[in-house]
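Novice: Take the sequence shown: its position 252, counting from 1, is numbered 251 in numbering that gives the first Met the number 0, and each next residue is one higher.
FYI, nobody ran anything at the bench for these hints, they're computed from the structure.
Worth double-checking, as some hints may not be accurate.
[Claimed, not checked] For lysine-lysine, the following BS3-like pairs were computed, each having C-alpha atoms within a straight-line distance of at most 25 Å:
no.: 1; residue 1: Lys-331; residue 2: Lys-361
no.: 2; residue 1: Lys-331; residue 2: Lys-116
no.: 3; residue 1: Lys-140; residue 2: Lys-72
no.: 4; residue 1: Lys-499; residue 2: Lys-488
no.: 5; residue 1: Lys-187; residue 2: Lys-228
no.: 6; residue 1: Lys-162; residue 2: Lys-140
no.: 7; residue 1: Lys-395; residue 2: Lys-190
no.: 8; residue 1: Lys-395; residue 2: Lys-460
no.: 9; residue 1: Lys-190; residue 2: Lys-162
no.: 10; residue 1: Lys-162; residue 2: Lys-72
no.: 11; residue 1: Lys-162; residue 2: Lys-395
no.: 12; residue 1: Lys-187; residue 2: Lys-162
no.: 13; residue 1: Lys-395; residue 2: Lys-228
no.: 14; residue 1: Lys-187; residue 2: Lys-395
no.: 15; residue 1: Lys-499; residue 2: Lys-460
no.: 16; residue 1: Lys-488; residue 2: Lys-460
no.: 17; residue 1: Lys-246; residue 2: Lys-228
[As the list claims (entries may be wrong)] What follows is a set of in silico ranges between Cβ atoms, one per label pair, in the way DEER data are often shown:
no.: 18; residue 1: His-483; residue 2: Val-396; range: 27 to 33 Å
no.: 19; residue 1: Glu-274; residue 2: Arg-71; range: 48 to 54 Å
no.: 20; residue 1: Val-396; residue 2: Asn-138; range: 29 to 35 Å
Glycine residues also receive a C-beta, built at the ideal position from the N, C-alpha and C atoms.
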Amino acid sequence: MLDAAQPFLLADEAPPPAPTSGLVARDYQAAGVEDARRFIAAGTSALLLVMATGGGKTIVAALIGTGALAKRKRILFVGPRREIIAQTFWKYVEAGVPERDLGVIMGAGVIPHPVTKQPYNARRPMAPAQVASIQTLVNRKLPPADVVFVDEAHHATSPTWAKVIEHYLASGAVVIGLTATPCRADGKGLKIFQRLHVIATFAELAARGFLITPRVFVSPRQADLSGVKVSQGGDYNQAQLAERMDKRELVGDVVEHYLRLGAGRCGVIFAASVEHSQHLAQAFTEAGVPAGHIDGGTDTDERDAVLARLRSGEILVVCNYGCLTEGWDEPKIAYVALVRPTESLALALQMMGRGLRPHPSKPDVIVVDHAGVVLRGAERHHGFPQDDREWDLDGKVGRPAAPSVRTCPKCYAANEGGTRVCTECGYEFPVEVREGPEQVDGELVEVDAAAVAKKPSMDEKVAVYAEMVALAAARGRSVGWARHRFREKFGGWPVGPRLKVIERALRPVDPAPAATVFHQLAAVVEASAEEPALHAAPEPAPPPVELLPAPRPSAPVRARRIDLAALLAPPVAAAPPPAPAPEAESWSL
0 MLDAAQPFLL
10 ADEAPPPAPT
20 SGLVARDYQA
30 AGVEDARRFI
40 AAGTSALLLV
50 MATGGGKTIV
60 AALIGTGALA
70 KRKRILFVGP
80 RREIIAQTFW
90 KYVEAGVPER
100 DLGVIMGAGV
110 IPHPVTKQPY
120 NARRPMAPAQ
130 VASIQTLVNR
140 KLPPADVVFV
150 DEAHHATSPT
160 WAKVIEHYLA
170 SGAVVIGLTA
180 TPCRADGKGL
190 KIFQRLHVIA
200 TFAELAARGF
210 LITPRVFVSP
220 RQADLSGVKV
230 SQGGDYNQAQ
240 LAERMDKREL
250 VGDVVEHYLR
260 LGAGRCGVIF
270 AASVEHSQHL
280 AQAFTEAGVP
290 AGHIDGGTDT
300 DERDAVLARL
310 RSGEILVVCN
320 YGCLTEGWDE
330 PKIAYVALVR
340 PTESLALALQ
350 MMGRGLRPHP
360 SKPDVIVVDH
370 AGVVLRGAER
380 HHGFPQDDRE
390 WDLDGKVGRP
400 AAPSVRTCPK
410 CYAANEGGTR
420 VCTECGYEFP
430 VEVREGPEQV
440 DGELVEVDAA
450 AVAKKPSMDE
460 KVAVYAEMVA
470 LAAARGRSVG
480 WARHRFREKF
490 GGWPVGPRLK
500 VIERALRPVD
510 PAPAATVFHQ
520 LAAVVEASAE
530 EPALHAAPEP
540 APPPVELLPA
550 PRPSAPVRAR
560 RIDLAALLAP
570 PVAAAPPPAP
580 APEAESWSL
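Hey, can you work out the whole structure from these sequences and the hints?
Specialist: Put into structure tokens, the structure is as follows:
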């Protein structure tokens, strides 16, 4: 009779040893480990670590975990999917943790062996390190642990995850969350954690060759989502969405563009429903592209077989619904088709992230947006993976502006609205013509993400608007003229207290010399440099500054040259005093 506490293979021979060469941490991973130890030593008991998809979150967890085991601490790693559980188990073995000290809490505790790929029993309930699936863990007696790792931690505030996390926090354990996308579709924050720390952004990793910046195309043939309801979770109603997306012409469009842009590439297709994914796989097969389908209900053995066929090259494309968005790592993926609209930024980034890892077999990665995930029309929706984002625990995400897109009439590449030369084919746009996005049925639009401008700061808006208002006053024009010039530049009307105070104070009554206006302008801008807090009580508007009417000169009045940048610069705040060094806890990682 087999002892469940001992490893075994469902074969006659003992398994070969798993790789134990030790993990070599990249510099940013090692720095992230040291940062985590420093925060915990300072008293943080619930820490959220953020790193772009493909940055090596599991390696960071393994390095911290092995350090805790060396100090005779008990560790627990919790993940949402079986692939994550198996990868993490063997990553700890690679880091030098003996197999006898590692256990798996997932079903019967069986995972694939990394060498033979055969079933391997890793159930060891007395081991000091456990790797558990959340679905199994929540239905069993929770094991003791001193350090708990929560993978895909953007799920942490859901009832199932919160129950486990709160249990261990109450017991005095340290909880470390790991995610690439610390946000939720419902807008709720992740306040179950005390501190958020970004280890590495996509831009930082791509600049060093650890990730690939994708070439993004958007299809002009998009489904009509008007009337599709949004659920309480913050995303589209799944049944209504599937009905809109699972159309013959849209399915055919996905296959046609793969054949034109990515023929021969290893690809993953994200569908809007199980039936939609099956129809896509069938359409690819009928077009001569070997394809497979899996979903959340696919049998485990069948799912493993389909992914193994993709890895070996027996099939080129895998279509899926609801099962490859997290925890799946296949670096050969060089083509990602988004055929599932979503209001979830986390889901959008997770889907695109499946193809961003480098691999010798692929020169680049193509992301094709058939669902308005990256852009909707000429404006950004969720944006590109490489966009700068500011994360916080309140659920707010600082995002770049949504610029217009200018479509090349020659090659149909999408460029930034003000581009004069197409980045793909070199076509020169007529300077005098300002046209909106041009669409051609059946053709994709490539987006030049590097040319997309960032959201202008309030200081920049204040400087520009102040100059425009001053110019309006000097020319005897109304404030409306300045407001229209502002809208042309920034795509919206001037709003906000700092902009309005300039407008009220410098509203011209009669044409005044430009130099006089500029002097008054400097005083007004300096007074408005400190923008009120977002939720602060409104302050009474300052009394208007009356412009003294000047006699109309017989000759044109020349404005005195002044340094606007110096006049508009906000005051420099004094440096805060250094914070006192925190007291260390009784133990550290």
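Novice: The structure should be examined with respect to each hint, and the outcome stated for every one.
Specialist: Now the hints, each set against the structure:
no.	hint	verdict
1	Lys-331 with Lys-361	holds (7 Å)
2	Lys-331 with Lys-116	holds (19 Å)
3	Lys-140 with Lys-72	holds (19 Å)
4	Lys-499 with Lys-488	holds (17 Å)
5	Lys-187 with Lys-228	holds (19 Å)
6	Lys-162 with Lys-140	holds (12 Å)
7	Lys-395 with Lys-190	holds (12 Å)
8	Lys-395 with Lys-460	holds (22 Å)
9	Lys-190 with Lys-162	holds (14 Å)
10	Lys-162 with Lys-72	holds (22 Å)
11	Lys-162 with Lys-395	holds (24 Å)
12	Lys-187 with Lys-162	holds (17 Å)
13	Lys-395 with Lys-228	holds (23 Å)
14	Lys-187 with Lys-395	holds (9 Å)
15	Lys-499 with Lys-460	holds (12 Å)
16	Lys-488 with Lys-460	holds (10 Å)
17	Lys-246 with Lys-228	holds (19 Å)
18	His-483 with Val-396: 27 to 33 Å	holds (31 Å)
19	Glu-274 with Arg-71: 48 to 54 Å	holds (52 Å)
20	Val-396 with Asn-138: 29 to 35 Å	holds (33 Å)
The structure is consistent with each of the numbered hints, conforming to all of them.
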